[in-house]
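The listed protein sequences derive, respectively, from chains A and B. According to our numbering, the first sequence is numbered sequentially starting from 1. According to our numbering, the second sequence is numbered sequentially starting from 570.
Hints in this document: simulated from the structure, not taken from any laboratory. Each hint should be verified, as a subset may be incorrect.
The list that follows gives simulated cross-link-like pairs (lysine-lysine, DSS-like), each with its CA atoms no further than 25 angstroms apart [to be verified]:
1) A:LYS330 / A:LYS450
2) B:LYS751 / B:LYS576
3) B:LYS751 / A:LYS373
4) B:LYS713 / B:LYS626
5) B:LYS576 / B:LYS626
6) A:LYS555 / A:LYS509
7) B:LYS729 / B:LYS752
8) A:LYS433 / A:LYS450
9) A:LYS426 / A:LYS373
10) B:LYS576 / A:LYS330
11) B:LYS621 / B:LYS687
12) A:LYS450 / A:LYS540
13) B:LYS621 / B:LYS706
14) A:LYS426 / B:LYS576
15) B:LYS576 / A:LYS328
16) B:LYS713 / A:LYS373
17) A:LYS373 / B:LYS576
18) B:LYS687 / B:LYS751
19) B:LYS722 / A:LYS426
20) A:LYS328 / A:LYS169
Per the computed footprint, the stretches of chain A lying under chain B, defined by three or more beta-carbons under 8 angstroms from a beta-carbon of chain B, are [said to hold, decoys possible]:
21) 376 to 383
22) 410 to 418
23) 499 to 511
A virtual CB, placed ideally from N, CA and C, is assigned to each residue, including glycine.
Here is what each chain is made of, one letter per residue.
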Amino acid sequence: MAAEISNDSPSDEILQGSEPGASRNSMLLATDSYDDLASYLSDTNLSSDRDRLSSGSISEITHPTETESFDPKSVISEEVGPEVVENEINEQLENSLDVSASPVDEPAALATSDSDTVTERIGLDTPTSQLSELSTDHSQPEACTGNNSDEQEEEVEYVHSQEWRQHRKHVFILSQSGKPIYSRHGDEDRLVTLMGVMQALVSVIGDGQDLLRCITAGSHKMVFLIRENLVLVAAARSIESMPQLLLQLTYVYNQVLSVLTLSQLSRIFKQRRNYDLRRLLTGAEKFFDNLLNTMDRDPCFFLGAVRCLPLESSMRDTIAQSIAQNAKVKDLVFAILIADNQLITLVRMKKYFLHPLDLHLIFNLVSASESFKAAESWTPICLPKFDSGGYLHAHISYMDEECRSCLLLLTVDRDVFFTLSECKEKIRERLVKYKCLAAIAESVDQNGYKTSQVGIPELRHFLYKSRSAAQFSCPEYEAPYHTADQRDRLFGLYQFLHHRIHSSSRPLKILFHVGSHETLLGWVTSGFELYAVFGPLVTKSAAINSVNKLLKWIKKEEDRFFILNSPTF
Amino acid sequence: MMVGPDKVDLKVVLLGREYSGKTALAHRYLLQKFNPHMNYQTTVGAAYGARKFEVDKQTIFMGLWDTAGSERYECMSHVYYHGAWAALVCFELIDRESWLRARHWANEVMTRGDEGCKIYLIGTKADLVTEPGTPRKIEYATAKSYADDIRAKYIETSSKTGQNVEEMYCMIAEDYVADMAKKTKGEN
Numbered sequence: 001m002a003a004e005i006s007n008d009s010p011s012d013e014i015l016q017g018s019e020p021g022a023s024r025n026s027m028l029l030a031t032d033s034y035d036d037l038a039s040y041l042s043d044t045n046l047s048s049d050r051d052r053l054s055s056g057s058i059s060e061i062t063h064p065t066e067t068e069s070f071d072p073k074s075v076i077s078e079e080v081g082p083e084v085v086e087n088e089i090n091e092q093l094e095n096s097l098d099v100s101a102s103p104v105d106e107p108a109a110l111a112t113s114d115s116d117t118v119t120e121r122i123g124l125d126t127p128t129s130q131l132s133e134l135s136t137d138h139s140q141p142e143a144c145t146g147n148n149s150d151e152q153e154e155e156v157e158y159v160h161s162q163e164w165r166q167h168r169k170h171v172f173i174l175s176q177s178g179k180p181i182y183s184r185h186g187d188e189d190r191l192v193t194l195m196g197v198m199q200a201l202v203s204v205i206g207d208g209q210d211l212l213r214c215i216t217a218g219s220h221k222m223v224f225l226i227r228e229n230l231v232l233v234a235a236a237r238s239i240e241s242m243p244q245l246l247l248q249l250t251y252v253y254n255q256v257l258s259v260l261t262l263s264q265l266s267r268i269f270k271q272r273r274n275y276d277l278r279r280l281l282t283g284a285e286k287f288f289d290n291l292l293n294t295m296d297r298d299p300c301f302f303l304g305a306v307r308c309l310p311l312e313s314s315m316r317d318t319i320a321q322s323i324a325q326n327a328k329v330k331d332l333v334f335a336i337l338i339a340d341n342q343l344i345t346l347v348r349m350k351k352y353f354l355h356p357l358d359l360h361l362i363f364n365l366v367s368a369s370e371s372f373k374a375a376e377s378w379t380p381i382c383l384p385k386f387d388s389g390g391y392l393h394a395h396i397s398y399m400d401e402e403c404r405s406c407l408l409l410l411t412v413d414r415d416v417f418f419t420l421s422e423c424k425e426k427i428r429e430r431l432v433k434y435k436c437l438a439a440i441a442e443s444v445d446q447n448g449y450k451t452s453q454v455g456i457p458e459l460r461h462f463l464y465k466s467r468s469a470a471q472f473s474c475p476e477y478e479a480p481y482h483t484a485d486q487r488d489r490l491f492g493l494y495q496f497l498h499h500r501i502h503s504s505s506r507p508l509k510i511l512f513h514v515g516s517h518e519t520l521l522g523w524v525t526s527g528f529e530l531y532a533v534f535g536p537l538v539t540k541s542a543a544i545n546s547v548n549k550l551l552k553w554i555k556k557e558e559d560r561f562f563i564l565n566s567p568t569f
Numbered sequence: 570m571m572v573g574p575d576k577v578d579l580k581v582v583l584l585g586r587e588y589s590g591k592t593a594l595a596h597r598y599l600l601q602k603f604n605p606h607m608n609y610q611t612t613v614g615a616a617y618g619a620r621k622f623e624v625d626k627q628t629i630f631m632g633l634w635d636t637a638g639s640e641r642y643e644c645m646s647h648v649y650y651h652g653a654w655a656a657l658v659c660f661e662l663i664d665r666e667s668w669l670r671a672r673h674w675a676n677e678v679m680t681r682g683d684e685g686c687k688i689y690l691i692g693t694k695a696d697l698v699t700e701p702g703t704p705r706k707i708e709y710a711t712a713k714s715y716a717d718d719i720r721a722k723y724i725e726t727s728s729k730t731g732q733n734v735e736e737m738y739c740m741i742a743e744d745y746v747a748d749m750a751k752k753t754k755g756e757n
């Protein structure tokens with residue numbers, strides 16, 4: 001494998017604002033997926049983190065004029081008003097600052113020399129005596145301190161079992177006191193000791209005024225995300241980089257918030273540090289499972305962008321109009337129509353924008369839940385980027401018998417189910433009348449577009465992200481990437497390319513990489529990100545010519561692939 | 570079938586621990602069938618459906634909320650039972666834990682529900698009681714006497730066989746009509 005890196009931009013650099021999919025008026029917040037990570041990694045002030053976390057606030061909508069007082073009836077988070085919550089969180093953050101505001105080395109440098117021994121302990125043997133030595137925390141998980149040896153032996157055996165060990169990526173969630181909350185593979189009850197070790201590691205490093213970020217052991221990476229109340233750990237042997245794994249953990253953490261809200265989470269652990277959070281998460285495991293499985297094959301997460309269902313722009317406008325005109329309800333914040341994990345349209349309340357991360361969680365909610373297919377539903381959902389302090393209420397219903405397109409109406413008023421149900425019926429009638437549902441069905445069945453349509457023979461596949469629109473487009477996965485194995489491999493190539501370009505130590509504008517099976521070209525400007533895959537024999541100049549041609553083609557099709565306007569109610 | 574809220578005469582709400590069979594009851598209600606191939610799905614939030622009943626030549630539209638049993642939705646549950654004419658509190662006949670939760674729910678409705686909200690105590694999965702390996706954990710007499718104490722009706726159902734399910738919904742519709750008749754009489 002030979003990598004050739006060039007900092008020269010291809011000949012005719014496209015002016016920002018005229019790149020394909022450029023949007024001056026985006027309905028999505030255009031942020032880089034790594035923005036938040038950068039703040040976490042550079043270990044900045046956590047309270048400013050909270051500010052950047054919210055793109056809107058529920059209290060602002062419920063009390064547009066006076067934010068000081070609140071009417072308990074319209075408050076979203078049950079007993080506590082948003083303002084109170086805010087103070088509570090800030091207090092907590094300030095408290096936690098002492099612990100975490102410590103100088104931390106470059107993440108890569110944390111792969112310390114003694115990490116091997118630590119990993120061996122995790123992977124191979126974890127006697128309890130070592131555990132208690134390691135841990136300085138008083139509230140250790142019960143099962144670690146004293147339980148019968150039979151159970152523990154069984155547990156250790158389980159961790160050693162081939163079946164459990166062969167998984168490529170493990171993800172764990174535990175409480176700050178080391179109580180197991182979730183394990184991607186296997187029953188978390190049988191991983192009490194292992195999670196105890198993880199908690200101990202975090203705690204020992206934390207005692208030295210440091211933050212544990214990553215342990216590298218051979219081909220394994222263990223990445224830690226430490227939040228106020230939770231510790232999230234990914235253990236993977238894969239091509240994924242540390243920031244990419246950290247980003248995935250951030251998604252998982254946000255999924256927890258989406259189910260519980262940050263205010264509820266903080267309150268619970270404030271009351272009882274040792275609380276078994278699984279009690280509140282029953283039935284939510286499927287959200288974590290589905291999210292993690294999707295993150296292993298969908299580039300939308302590391303791109304921090306949303307894919308739109310290709311539609312003629314006139315058709316998309318009709319759909320948006322049908323929704324905007326029939327959902328004029330006070331306090332309705334977002335109306336979102338999706339199909340097959342792709343966005344069809346998003347109508348929003350003026351002033352408010354949706355963050356792609358929140359939209360990904362909405363996609364996950366819909367794709368992980370079979371129950372919405374049976375009847376229209378009404379469910380609380382927290383969008384952590386929008387407002388992590390409270391719930392929005394979502395009216396969720398499928399528009400057609402085949403359950404292709406799903407409409408979500410998100411409001412801050414929890415008593416308007418029936419009003420929204422009527423809106424939904426009117427919207428559905430319009431969508432049927434103007435043959436929108438038929439157009440959506442056709443596009444879903446067509447499964448996007450083919451690479452061959454671009455007319456560049458040597459081009460095999462590509463990902464194109466418009467940064468200003470926070471949207472991306474890619475063709476169907478065709479041969480040689482039609483099998484699951486090959487598709488996984490291609491996904492790994494994209495992750496590799498993305499990581500090299502976004503590497504914090506040496507960010508690149510353009511990367512030409514010749515591999516044994518294909519040639520990769522990554523190109524990032526202030527307006528777009530393009531990752532293209534060619535056959536192995538393509539030369540650099542031919543590849544650059546091709547991507548210029550590709551950009552012209554996407555530009556021509558941009559109205560179909562991207563949502564460039566931003567309808568409001 | 571979609572029925573607007575204006576046309577709905579009464580709202581009822583299914584409450585109870587997760588896995589106690591509420592969604593299966595709701596399916597029976599909407600589609601009048603049980604799908605044995607359907608995997609267990611946890612309800613997210615709450616699902617709503619409405620259906621028509623004929624009682625004494627009167628047409629009654631009944632809206633049914635199928636709520637999620639998970640504890641995290643508990644703080645939200647009054648949104649669903651607010652304005653409900655009746656609460657159907659479900660428990661599995663073969664699970665003591667769900668019985669305890671049902672008693673908790675009944676209390677919840679009595680203290681926080683609308684005044685006069687009727688309670689129906691529903692023992693579910695009655696077909697399993699006769700199967701080997703899943704013995705009955707709550708005796709009929711125990712449940713019945715508790716129901717009498719809180720002035721609730723007690724019914725044992727099976728969504729799988731359909732035992733008592735349709736009867737239960739019809740009974741609720743009839744009770745509602747009788748209740749309304751009594752109220753109008755009282756007013757006159």
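Checking against the hints above, which ones are violated? Going through the list in order, the structure violates hints 1, 3, 4, 7, 8, 13, 16, 19, 20, 23 and respects the others.
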